[in-house]
Amino acid sequence: MKPRPIALIATALVSALVVAACGSSNSSTSSAGGGAASSSSTSSGGSSSSSGSGTINGAGSTLAAPIYQQWGSTLKGQGLTVNFNPVGSGAGQTQLASATVDFAGSDPSLKPSDKSKMKGPVLQFPVAAGAITVSYNLSGVKSGLKLDGPTVAKIFQGTIKTWNDPAIKTLNPGISLPSTNITVVHRSDSSGTTQGFTTWLSDVDPAWKSSVGEGKDVQWPTGTGGKGNSGVAAVVKQTAGAIGYVEQAYALENGFTYAAIKNSAGSYVLPTIPNTSAAFLGIKVPPDLGISTINSSNPGAYPIVSQTFLDAYKDPCKDGGTNSGTAAALKKFLTYAFGAGQQTLGAGSNQLPYAPVPSALADKDNTQLATMVCNGSPIS
Amino acid sequence: MSATALPQISARRRRTDKVMRGLVLAATIVALIPLILIIYYLIHKGLSAWTQSGFFTTDPTGSFFGSPGGIRSAILGSLEIVALATVISIPIGIGVALYLTEYGKEGWFANTVRYFVDVMTGVPSIMFGLFVYIVLVVGRFGGSGFAAWKGAVAISLLMLPIVIRSSEVVLLLVPSSLREAALALGAQRWRVVFRVVLPTAGPGLLTGSLLAIARGMGETAPLLFTVSTAFGLTFSLNQQMNTMPFLIYNDITSPRAALQTIAWGTALTLVVVVLILNLVARFIASRSRMA
Amino acid sequence: MEASATSVTGGRSALERSPAGRLPDRVLKWGLSALAALILILIIYFFIRLVGQSGHVFSTYGISFVFGNDWDVSRSIYHGGALLFGTIVTSIIALIIGVPIAVATAVFITELCPRRLRGSLSIVVDLLAAVPSVVYGLWGVFVLAPRLLPAEKWFASTFSFIPWIGGGIPTLYNYFIAGLILAIMILPIVSAISREVIATVPSENKEAALALGATRWEMIGMAVIPYSRSGIIGGAMLGMGRAIGETIAVVLVIGSAPKIGSHLFAQGYTLAAVIANEFGEATGIHTSALFAAGLVLFVLTLIVNMIARWFITRGSHGTRGTGATGMTIASGPAGEK
Chain A
281 MKPRPIALIA TALVSALVVA ACGSSNSSTS SAGGGAASSS STSSGGSSSS
331 SGSGTINGAG STLAAPIYQQ WGSTLKGQGL TVNFNPVGSG AGQTQLASAT
381 VDFAGSDPSL KPSDKSKMKG PVLQFPVAAG AITVSYNLSG VKSGLKLDGP
431 TVAKIFQGTI KTWNDPAIKT LNPGISLPST NITVVHRSDS SGTTQGFTTW
481 LSDVDPAWKS SVGEGKDVQW PTGTGGKGNS GVAAVVKQTA GAIGYVEQAY
531 ALENGFTYAA IKNSAGSYVL PTIPNTSAAF LGIKVPPDLG ISTINSSNPG
581 AYPIVSQTFL DAYKDPCKDG GTNSGTAAAL KKFLTYAFGA GQQTLGAGSN
631 QLPYAPVPSA LADKDNTQLA TMVCNGSPIS
Chain Z
225 MSATALPQIS ARRRRTDKVM RGLVLAATIV ALIPLILIIY YLIHKGLSAW
275 TQSGFFTTDP TGSFFGSPGG IRSAILGSLE IVALATVISI PIGIGVALYL
325 TEYGKEGWFA NTVRYFVDVM TGVPSIMFGL FVYIVLVVGR FGGSGFAAWK
375 GAVAISLLML PIVIRSSEVV LLLVPSSLRE AALALGAQRW RVVFRVVLPT
425 AGPGLLTGSL LAIARGMGET APLLFTVSTA FGLTFSLNQQ MNTMPFLIYN
475 DITSPRAALQ TIAWGTALTL VVVVLILNLV ARFIASRSRM A
Chain L
2 MEASATSVTG GRSALERSPA GRLPDRVLKW GLSALAALIL ILIIYFFIRL
52 VGQSGHVFST YGISFVFGND WDVSRSIYHG GALLFGTIVT SIIALIIGVP
102 IAVATAVFIT ELCPRRLRGS LSIVVDLLAA VPSVVYGLWG VFVLAPRLLP
152 AEKWFASTFS FIPWIGGGIP TLYNYFIAGL ILAIMILPIV SAISREVIAT
202 VPSENKEAAL ALGATRWEMI GMAVIPYSRS GIIGGAMLGM GRAIGETIAV
252 VLVIGSAPKI GSHLFAQGYT LAAVIANEFG EATGIHTSAL FAAGLVLFVL
302 TLIVNMIARW FITRGSHGTR GTGATGMTIA SGPAGEK
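Residue numbers (the working numbering), protein chains in the order written: chain A, 281 to 660; chain Z, 225 to 515; chain L, 2 to 338.
What the hints contain is simulated information worked out from the structure, not anything from laboratory work. Glycine included, C-beta positions come from ideal geometry on N, C-alpha and C. Mixed in with the good hints there might be a few duds.
Claimed, not checked - Simulated DEER-style distance windows between Cβ atoms:
#: 1; chain 1: A; residue 1: Ser456; chain 2: Z; residue 2: Leu271; range: 16 to 26 Å
#: 2; chain 1: A; residue 1: Pro566; chain 2: L; residue 2: Leu303; range: 45 to 55 Å
#: 3; chain 1: L; residue 1: Thr201; chain 2: A; residue 2: Ser419; range: 57 to 67 Å
#: 4; chain 1: L; residue 1: Asn70; chain 2: A; residue 2: Ser491; range: 36 to 46 Å
#: 5; chain 1: Z; residue 1: Leu271; chain 2: L; residue 2: Thr201; range: 49 to 59 Å
#: 6; chain 1: A; residue 1: Ser393; chain 2: L; residue 2: Asn70; range: 53 to 63 Å
Using the sequences and the hints given, assemble the complete structure.
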């Protein structure tokens, strides 16, 4: 009389049995698969790895996300899958520390306190630098509005409230500025872009340093939050009178107008690729490659340039919980990053709008890469 | 013909009646406006994504230049994860409901289980994601950090109370006279369960299950810290995977117009899938009610 | 029917069944009991981990974690008062906007609308529940927030004399937008439960009112609403439970500012939103603080849900809740909480 429901229930029961079998052995089957794929390496830490040795996972910097995603897109043709989740530099470091990803993208260099949270020694590789633009959405005003550090600081502190404030007018004689209210847009998540921007503000404005300070995450006195570079860009785009700090690639993508910022030599500089690259000149390179390109002393340099690093465990097998196959894939990716990958960055129309690292620094990256090992033995 | 004997309703009362009925109608129309607007924007913005070549047949490229690609990996990823979550939660859920109605009844243990399941329905879905994160992701359980099957576990935790509650309601509706008749004829309990109770409750169980699946399909929060994301297509459940809700969530904040279009197209796809599941569930429910 | 046919073939009475014959029965009974026990253990383990993870922050801050107003990741200070405030304010906005409309819809569908429209109209309202919350977020970000901003500005300046409501300068994302989206999201559940409850009003009551010469509206006011009041309140509370826990739609339109907003159109934060936004980057006490936020959120939902159930049981007038209400409560909107 009712054969159909019975069939349905039967199906449900069969699947119940399947699950009873699978549910309990889920982990064992998966690890068995991983073990079979990488039988050559017995990784310590009790975890054999995911079976796809051609897949590496990264997370972190939204500033550098377009770079990693573009490289991933290119390398896919060579059988290497690179997943990059743009969760912000802070989150990237956290995920590397919990070994849930194979590499982190981070704009600030690792502080000793960051390194102590990691499961083992971590290598940081400077990958590129990006200009942090001060972008605004102000009809009738083109790119190149001149702003200096103290003025930007006052805007982001909320003490300059309208666009026709005398402080902005004095810097920009001849530009007619509307009386529109200024809407400050900042990051709502922990971010390397915020670190770069507030580091610069603290460098150039003592009042900012004492009241707000610098960090991946600061207590903003005013303004609207946006998640990620893209979130800030989206709010700037939709709000008349908005001002926000976004990485250059995002500003260009949106056709934003951005300010010319006064650098340490006293000249107003636009965030172009040559001006960004100029920030690399004359910087100190410490042994752990933890460079800083913020507020470069080079007179031609745009002042708010953030370097971005790729962080990975020196021994990804021992500390990062991966297997030799994934470690080899990671090394392949890094080799590309400091070699052919650098060619994809620059001012060309088919290049990503970031400053590539100078060749001397790229050499140091490669030297450091050679020290990466898997369970103590070199990675083939 | 009209009741002339009755006293006339005063004009003021009649006016109040009219006005209030008008207000209630207006409120109903207001209630429908969001749905209409959402569907309008989904179709308006989503269809232009659907018509892009390869929207359903290619994966997102992640490339900064040129085409952002399609959403194949997100659709299949969502299906894989929800399928696994279904395989976990439906049998367990129906099993627990059977225990409650056939064995536990009003005993203290059954009532404790019932109470905790009720409590579980009130847990915000993101908490299941956090739970799976600390239990399975951080320890790299199974050799992976973020992985599709861990997301499926989080989703199934969320589906479980829904399945248990709705199945229990349906199983209670099976007339006890049917059970008693079968038992009186000498049938064993398990035969009664499999041959009488479950078949009778079948359509209702299916309805509840489909609603739970539809719910699991649209969830984003449990995926954030369990599956993470990927661009490429993978069938390995021990890897990061792309899913429709996560793709929308990530693309919403993108300033690239191309990616926003993709988000709308994905949203339209997701809503169509979820609506179909819902309508099928309602259809089954209404048919079985009529029978 | 067929079940009996097959089982009788054994020919034995149930009382003298052999132990072997009773094996499947035992397996089923103990199997299902084990399953139920497993669920119980799982849920208890879930809470142990949740409480364990948040222990650190509670031992540091005590109760001031819940009510103190200073959430500053950069200085590693975690008092979640502003988050609790945002959660409560957005859900109250959702109730104020959503409940009257939902109840009116329920009244219209059950009492006023032509009978053949009834079914399809309820399905259409229920469909709102099927829209995933990330889609509400998408719509909120690209359509609702930018389109409503001018209206909000007009409203805030026109009604600037009303404290907290007017006077401020609206931001793109704010409490009101989040509350409005929540109102839409809770509409189907409140409406569905109200419909269920109104349907239980005995027709004698309604007919009595009509027989006394009441107009339709007076009948609704005299017979329907008083009878179903507590059920409707329960439905509203259940809707509030959903609004409190909603994460993804809110995180996109709340503005993510961990402070107590000075006006209705100011940006804020909610407990659920802060978890979604900050968990990925959290370490140490920050992680603990987010788990504690989850715990506060959970306790809040629990209280609200319990009040809701109490009202609904009371409102169902001894019928122990109709099947369909149970189903509605269990399945709820497809959007996530």
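Checked hints:
1. Ser456(A) with Leu271(Z): 16 to 26 Å: violated (43 Å)
2. Pro566(A) with Leu303(L): 45 to 55 Å: holds (52 Å)
3. Thr201(L) with Ser419(A): 57 to 67 Å: Check passed, 59 Å falls within 57 to 67 Å.
4. Asn70(L) with Ser491(A): 36 to 46 Å: violated (19 Å)
5. Leu271(Z) with Thr201(L): 49 to 59 Å: violated (43 Å)
6. Ser393(A) with Asn70(L): 53 to 63 Å: violated (28 Å)
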